[in-house]
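**Student:** The sequence shown begins at 103 in this note's numbering and counts up by one.
The hints are simulated quantities; they were obtained by calculation from the structure and are not laboratory data.
Everything numeric in this text was worked out from a predicted model, so none of it was measured.
Honestly, I wouldn't trust all of these hints.
Subject to a maximum C-alpha distance of 27 Å in a straight line, what follows is the list of computed DSSO-like cross-link-like pairs (lysine-lysine) [stated by the list, open to error]:
| # | residue 1 | residue 2 |
| --- | --- | --- |
| 1 | Lys191 | Lys424 |
| 2 | Lys191 | Lys167 |
| 3 | Lys424 | Lys509 |
Just the calculated beta-carbon pair ranges, DEER-fashion [unchecked claim]:
| # | residue 1 | residue 2 | range |
| --- | --- | --- | --- |
| 4 | Arg125 | Asp479 | 50 to 56 Å |
| 5 | Gln749 | Ala355 | 51 to 57 Å |
| 6 | Asp350 | Ala550 | 31 to 37 Å |
| 7 | Leu272 | Arg125 | 40 to 46 Å |
| 8 | Glu547 | Asp479 | 35 to 41 Å |
| 9 | Arg159 | Val226 | 31 to 37 Å |
| 10 | Gln749 | Ala277 | 39 to 45 Å |
| 11 | His337 | Glu414 | 29 to 35 Å |
| 12 | Leu272 | Glu414 | 37 to 43 Å |
| 13 | Gly538 | Arg145 | 37 to 43 Å |
| 14 | Leu555 | His337 | 24 to 30 Å |
C-beta: ideal position from N, C-alpha, C; glycine also.
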Amino acid sequence: MFDTVLVANRGEIAVRVIRTLRRLGIRSVAVYSDADAGARHVREADTAVRLGPAPARESYLDIGKVIDAALRTGAQAVHPGYGFLSENKDFAAACDRAGVVFLGPSAHAIEVMGDKITAKNAVVAFDVPVVPGIARPGLTDDELFAAADEVGYPVLVKPSAGGGGKGMRLVEEPARLAEALVSARREAASAFGDDTLFLERFVLRPRHIEVQVLADTHGNVVHLGERECSLQRRHQKVIEEAPSPLLDAATRARIGEAACNTARSVDYVGAGTVEFIVSADRPDEFFFMEMNTRLQVEHPVTEAVTGLDLVEWQLRVAAGEKLTFAQDDVELNGHAIEARVYAEDPARGFLPTGGQVLQVIEPSGAGVRVDSSLLADTVVGSDYDPMLSKVIAHGADRDQALARLDKALSQTAVLGVQTNIEFLRFLLADPRVQAGDLDTALLDERLADFEPLAVPDDVFAAAGLYVQWALDRRARANLWARPNGWRIGSSVAPVRTAMRTPLRSETVSVWGLPGSATVQVGDGETTSATAQLEHGQLVVTLDSVRREYRCAEADRHLWIGDERGTWHIREAEEHKIDRGAGDRPAEVVSPMPGSVIAVQVASGDEVSEGDVVVVVEAMKMEHALAAPVSGQVEVLVAVGDQVKFEQVLARFVPADQSKEKEQ
103 MFDTVLVANR GEIAVRVIRT LRRLGIRSVA VYSDADAGAR HVREADTAVR
153 LGPAPARESY LDIGKVIDAA LRTGAQAVHP GYGFLSENKD FAAACDRAGV
203 VFLGPSAHAI EVMGDKITAK NAVVAFDVPV VPGIARPGLT DDELFAAADE
253 VGYPVLVKPS AGGGGKGMRL VEEPARLAEA LVSARREAAS AFGDDTLFLE
303 RFVLRPRHIE VQVLADTHGN VVHLGERECS LQRRHQKVIE EAPSPLLDAA
353 TRARIGEAAC NTARSVDYVG AGTVEFIVSA DRPDEFFFME MNTRLQVEHP
403 VTEAVTGLDL VEWQLRVAAG EKLTFAQDDV ELNGHAIEAR VYAEDPARGF
453 LPTGGQVLQV IEPSGAGVRV DSSLLADTVV GSDYDPMLSK VIAHGADRDQ
503 ALARLDKALS QTAVLGVQTN IEFLRFLLAD PRVQAGDLDT ALLDERLADF
553 EPLAVPDDVF AAAGLYVQWA LDRRARANLW ARPNGWRIGS SVAPVRTAMR
603 TPLRSETVSV WGLPGSATVQ VGDGETTSAT AQLEHGQLVV TLDSVRREYR
653 CAEADRHLWI GDERGTWHIR EAEEHKIDRG AGDRPAEVVS PMPGSVIAVQ
703 VASGDEVSEG DVVVVVEAMK MEHALAAPVS GQVEVLVAVG DQVKFEQVLA
753 RFVPADQSKE KEQ
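Start from the sequences and build out the full structure, keeping to the hints where you can.
**Tutor:** Okay, structure coming up:
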């Protein structure tokens with residue numbers, strides 16, 4: 103076994119790998135970019151090496167720097183995690199040349215499975231079923247047209263290289279195929295540097311089911327059951343579970359053997375995942391999609407139902423050990439479900455968000471696991487994937503796992519950053535999800551019905567009491583202290599705080615001190631109240647009803663919530679408050695942290711409502727931001743600027759106000 107292993111990754115997967123290394127007594131080496139200098143994986147490793155600036159190509163994707171870090175620290179092996187260099191054949195080959203063990207398959211296996219065309223050709227030779235279609239290098243548009251006619255519509259056009267849904271097009275009728283091929287080739291060339299396409303029949307009501315395999319250097323291959331990964335947005339998984347509620351025992355055995363044959367087709371070594379597409383209407387019929395030659399994000403659900411540590415087995419087989427169990431020894435116990443917590447806003451099309459984490463609250467309890475890299479003061483920016491953590495629940499059956507996961511998510515909060523937790527709970531409560539009636543379109547369908555919960559009255563009241571508590575604390579510390587950000591009245595008049603949220607804005611009035619106060623939300627009734635901090639939580643009693651709230655404040659922004667959700671409340675000018683509704687300031691604000699790649703107007707220009715003003719790029723996606731009103735614009739940023747979440751990029755003097763000034 104190795105005595106030192108370098109983890110060539112960041113975030114929750116790096117922390118998770120380090121946890122197993124520590125348990126096995128293996129020295130861990132972390133690598134980091136400047137953006138991650140204070141990150142949790144750096145703090146938890148035995149030693150850490152700086153790679154370079156924040157951009158991944160200058161740090162985590164720089165093969166030479168990673169190999170050098172391994173050699174300088176005496177690492178005998180490198181764990182690539184997922185993403186970054188984990189499926190890079192050149193990195194695997196570089197490790198081999200440097201005499202460092204790559205904890206994964208051979209460069210040859212990565213190369214074959216990394217191209218969807220060569221992968222399909224390889225598995226067909228081992229009798230693995232593939233979706234009817236055409237797949238070979240260099241296909242022309244004419245050949246793709248002919249194949250579509252033969253296969254029958256609808257068809258799915260896919261790029262040979264890459265993944266994540268980029269370059270993929272669903273074509274439902276012949277008239278739309280030409281346009282789809284042009285756009286798919288363009289996007290594939292941009293994303294992967296390769297515009298090679300192939301085409302296959304589109305499986306109606308598709309479900310994404312994948313199988314975990316494990317193979318050693320002695321020719322032994324086993325599968326560890328399947329995972330259902332059909333709940334996706336933009337072809338990226340959000341909720342995964344094991345086993346699939348769709349498959350029966352006979353199909354499970356058949357799909358597992360097909361996955362093992364896929365591994366055998368490339369002499370696979372290590373942990374890998376074979377992805378299949380299965381029709382919800384024909385669960386006995388499955389087709390190979392691709393093989394991920396690495397550990398998957400969702401591996402914890404397999405660990406939960408098998409009791410195996412997959413990272414430990416990656417280490418053992420890479421060190422030359424034999425698998426100590428056969429296929430008949432693998433048992434699936436109970437059910438496990440994982441939810442990915444992302445820094446994103448589902449109500450705005452899953453736009454990435456960001457900011458500084460003020461407080462992290464993570465769940466615990468029977469059957470609950472959290473894989474996370476979050477710490478208070480962690481800065482969530484736009485340099486890397488927006489996934490923050492994973493919450494996993496294991497139960498005796500699927501119903502218990504669902505209930506445990508929902509409760510765990512109700513106990514999860516990332517104060518300071520907008521997340522998708524409320525949407526995850528909305529999705530888990532959906533009748534079709536509860537019944538296991540899934541397909542890859544379900545999440546997008548349900549998104550149309552998702553409405554974030556507006557701030558309840560008691561939360562507004564608690565926010566007002568928190569402000570009063572903070573002012574009282576400052577006053578006790580310094581008799582001459584004055585509030586910084588929150589506005590107050592005199593010692594006799596109530597403290598009035600104008601608060602704004604996207605869905606509702608109110609002015610909250612508080613009379614008295616936190617220990618004995620009266621509070622009023624907007625024009626509502628006054629209520630007797632008390633408030634105090636206990637164990638980091640705000641404990642509020644309103645009309646004899648006691649509630650606990652998690653809360654954190656920074657720069658005139660208050661994050662507050664309970665088991666129902668978390669809300670971001672900002673100070674607002676009182677004259678702007680339109681009680682009962684969110685206000686629409688004449689500003690363009692960045693909906694996510696990112697960089698400005700285009701400014702379409704200049705200060706002083708007259709613009710119309712809906713005109714594009716600024717384009718911001720985040721997570722390799724472009725977001726065109728339009729003028730909310732017609733009028734004269736003042737631009738506050740330039741191309742190349744790095745911007746924060748909700749940073750004001752432009753302001754407007756509405757057209758009607760401009761005319762008044764002219765008169």
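**Student:** For a C-alpha distance cap of 27 Å, please report whether Lys424 and Lys509 respect it.
**Tutor:** violated, 40 Å
**Student:** Is it true that Asp350 and Ala550 lie within 31 to 37 Å of each other by Cβ?
**Tutor:** For Asp350 and Ala550 the Cβ distance comes to about 32 Å; the hint holds.
**Student:** Please check whether Leu555 and His337 have a Cβ separation lying inside 24 to 30 Å.
**Tutor:** holds, 28 Å
**Student:** Could you say whether the range 37 to 43 Å given as a hint is met by the Cβ separation of Leu272 and Glu414?
**Tutor:** Holds, at about 40 Å.
**Student:** Given the hint of 50 to 56 Å, check if Arg125 and Asp479 actually sit that far apart at their C-beta atoms.
**Tutor:** Violated, since Arg125 and Asp479 (Cβ atoms, about 27 Å apart) do not stay within the stated range.
**Student:** Between Lys191 and Lys424, does the CA-CA distance stay at or below 27 Å?
**Tutor:** holds, 25 Å
**Student:** Cβ-Cβ distance between Gly538 and Arg145: within 37 to 43 Å?
**Tutor:** Check passed, 40 Å falls within 37 to 43 Å.
**Student:** Could you tell me whether the CB distance from Glu547 to Asp479 stays inside 35 to 41 Å?
**Tutor:** holds, 38 Å
**Student:** So does Arg159 sit 31 to 37 Å from Val226, Cβ to Cβ?
**Tutor:** holds, 35 Å
**Student:** Do the Cβ positions of His337 and Glu414 conform to the proposed distance bound of 29 to 35 Å?
**Tutor:** With Cβ atoms ~31 Å apart, the hint holds.
**Student:** State, for the Cβ atoms of Gln749 and Ala277, whether the hinted interval 39 to 45 Å holds or is violated.
**Tutor:** holds, 44 Å
**Student:** 51 to 57 Å was suggested as the range; check whether the CB atoms of Gln749 and Ala355 agree with it.
**Tutor:** holds, 55 Å
Checked against the numbered hints listed earlier, the structure breaks hints 3 and 4; every other hint is satisfied.
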